[in-house]
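> Going down the list, the sequences are from chains A and B.
Per my numbering, the very first residue in the first sequence carries number 1; after that it's consecutive.
Per my numbering, the very first residue in the second sequence carries number 1001; after that it's consecutive.
In short, the hints are calculated from the structure, not lab data.
Don't take each hint at face value.
[Claimed, not checked] Computed spacing ranges between beta-carbons, pair by pair: (1) Ala-329/A with Leu-1041/B: 32 to 38 Å; (2) Leu-1034/B with Arg-53/A: 42 to 48 Å; (3) Arg-1075/B with Glu-295/A: 43 to 49 Å; (4) Ala-185/A with Lys-1072/B: 47 to 53 Å; (5) Ala-1128/B with Phe-338/A: 37 to 43 Å; (6) Asn-125/A with Arg-1032/B: 42 to 48 Å; (7) Asp-1059/B with Glu-331/A: 42 to 48 Å; (8) Ala-1128/B with Ser-190/A: 39 to 45 Å; (9) Ser-1007/B with Arg-236/A: 26 to 32 Å; (10) Gly-159/A with Ser-1007/B: 24 to 30 Å; (11) Phe-207/A with Arg-1032/B: 48 to 54 Å; (12) Ser-1043/B with Cys-303/A: 42 to 48 Å; (13) His-1077/B with Arg-325/A: 34 to 40 Å.
Idealized CB from N, CA, C, for every residue including glycine.
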Amino acid sequence: MATNNGTTRTIRVDNLARVEGEGALDLHIDDGRVTAARLRIFEPPRLFEALLRGRGYMETPDIVARICGICPIAYQMSAVHAIENAFGVQVDGQLRALRRLIYCGEWIESHALHVVMLHAPDFLNYPDAVAMARDHGDKVRSGLALKKIGNELLRLLGGREVHPVNVRPGGFYRVPQRAELVPIAESLKSARDKAVELVRWVARFPFPDFESDYEFVALRHAEEYPFNEGRVVSSRGIDVDIADYEAEFEERHVAHSTALHSFLKRRGAYLCGPLARYALNFDQLPESVQGLAKEAGLGERCCNPFRSIIVRGIEIVYACEEALRIITAYEPPEYAWFPVATRAAVGFGCTEAPRGICWHRYSFDGDGTIRAARIVPPTAQNQLSIEADLVAVVTPLVNEPDDLIRARCEQTIRNYDPCISCATHFLKMTVHRQ
Amino acid sequence: MTGRSRSVLIVGLGNADRADDGIGPLVAEKLRRLLPAGTALASPRTDPIALIAEWQGFDAAICIDAASLVSKPGRIHRFDLSMAELPSDRQPVSDHVLSFAATVRLARVLHQAPQRIIIYAVEGASFAAGAPMTPEVAVQAPLVAAQVAAEVETLRHFSFRHAAANSP
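Taking the hints into account, I'd like the entire structure generated from these sequences.
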């Protein structure tokens, strides 16, 4: 909706499609200058942290999986790592590999859905994926095929695609036999080829000439592109154990949102997710994937958030290759889980959800009952950067028609693949012009 | 009867843990004992987009789902998408997944939709997480299951033109 009231002009988009969750955007334009861009998240608070208090540690993976239908593995993995950290358990060998494998599935299904069904139509000027499919049916089929293979990995290792039930502290309730993984390996080879073609396709999209000087934040592991483990590092020198996350980062309530906003205590906004992971871990990608990134026009870091669609494609290719590597080397472990002995302790977990780092802290009583829980999802961490990007993107467009501004704002927000339900905490947009 | 018997897929849509949204999975469960051999019964789905892959290769699909309340809880609606489009005035807002109507449109654009898609939708009153199903909705499950089973017979053994002309 657009209204003109004297010198104040208001544009309202009642619902932004192709994001997860509900909220709104208010843009304030005074005297031709963008003075504020506020993401008003009005999805009701979900109170998971309070819900977890008093529950047993074994219930945690199944409860936190309910935070998100798109990235439940991220919540389950961060939770089980935090539990094991508290109780002094180290999961290694094939069980550790299976955890990376199930995470590969989540990245593939989540990224494929976002790249093809949600974000690509923005660049090609289609209202949605259905309209885009009339001209680019092969690419939509590829996207759906990739989503399907990612979901198959989740079903095989997690027991079901949405809110998996097979993840437990110490490992899994059941581990697959090798013969169960062999057929999926054949599908993954085909999926990898489709993902490579997807990268080549999105690399040819028209990208706005826009860059931002982000402080990238991601996990970094000495030997691998990060999924489950690593230190929290940033492009401006942060390098801390995940247990020291709260020394560098804090969450604050803001009046216009039911989601907490995360800040770097010393510097404010930061960026997590595919661009950050890629910039801070490029050297950990296989040469084949590095080569594809260069072919797609990416350097070793990318500061144009619109090109995040290419980086997501690169991460799909990586996840397919990593999944194939894990399956090739797989030998079923003797036990499906390591025993876990409870003790009064605090534990920390941080893993790389498709949208960025997902940090958990739990305090336990001696019998494993949760005394306190804190969960920091990726979208809450990126909100400041989303708002800063919106101001910067709209500034050169203030004299353009409302429809153009609205479309560019939606595209900018989708650069982050925001998961509002996770952040609980998307999108009505109001532009106030004075 | 004309030619080979046609392949039919049955899908119950909805979340069994959200009160009346569970009517699709409940009807699908009841159909296990009613369907003729050779009829495929898919796992219950909450994400319609997965249907595109599931539908591939089938001549017809019957989907059972809950509908938002328009007149009274438990009222049964039947939509034959070869005869008319699914009403699209009640779309979900801001969700990662496609709506059911958009999923059908996308499947057709991609030439992956069955020739016949029939929807049974039962109006619900409550979709609250963890809440029990409304009695007026639950009581309709055997009736919907019986109607779907009868429809499967028609779809399998009669030409689609004939079946459409005789649909209930």
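> Evaluate each hint against the coordinates.
Verification of the hints:
For Ala-329/A and Leu-1041/B, the Cβ-Cβ distance of about 37 Å falls inside the hinted range of 32 to 38 Å, so the restraint holds. In this structure the supplied range 42 to 48 Å holds for Leu-1034/B paired with Arg-53/A, their Cβ-Cβ distance being about 46 Å. For Arg-1075/B and Glu-295/A, the hinted distance range of 43 to 49 Å is not satisfied, since their beta carbons lie about 57 Å from each other. Between Ala-185/A and Lys-1072/B the beta carbons are some 52 Å apart, a value that agrees with the proposed interval 47 to 53 Å.
Separation of Ala-1128/B from Phe-338/A is about 38 Å and conforms to the stated range, judged on CB atoms against 37 to 43 Å. Taking the beta carbon of each, Asn-125/A and Arg-1032/B are about 47 Å apart, inside 42 to 48 Å as hinted. Checked against the hint of 42 to 48 Å, the pair Asp-1059/B and Glu-331/A passes, with Cβ atoms roughly 43 Å apart. Separation of Ala-1128/B from Ser-190/A is about 42 Å and conforms to the stated range, judged on CB atoms against 39 to 45 Å.
At about 59 Å, the CB distance of Ser-1007/B to Arg-236/A disagrees with the hint of 26 to 32 Å. Remark: the range hint 24 to 30 Å for Gly-159/A to Ser-1007/B is upheld by a beta-carbon distance near 28 Å. Separated by about 51 Å at the C-beta atoms, Phe-207/A and Arg-1032/B satisfy the suggested range of 48 to 54 Å. Distance hint for Ser-1043/B and Cys-303/A: a CB-CB separation of about 43 Å, consistent with the stated range 42 to 48 Å.
The beta-carbon spacing between His-1077/B and Arg-325/A, approximately 50 Å, falls outside the hinted interval of 34 to 40 Å.
Checked against the numbered hints above, the structure breaks hints 3, 9 and 13 and satisfies the rest.
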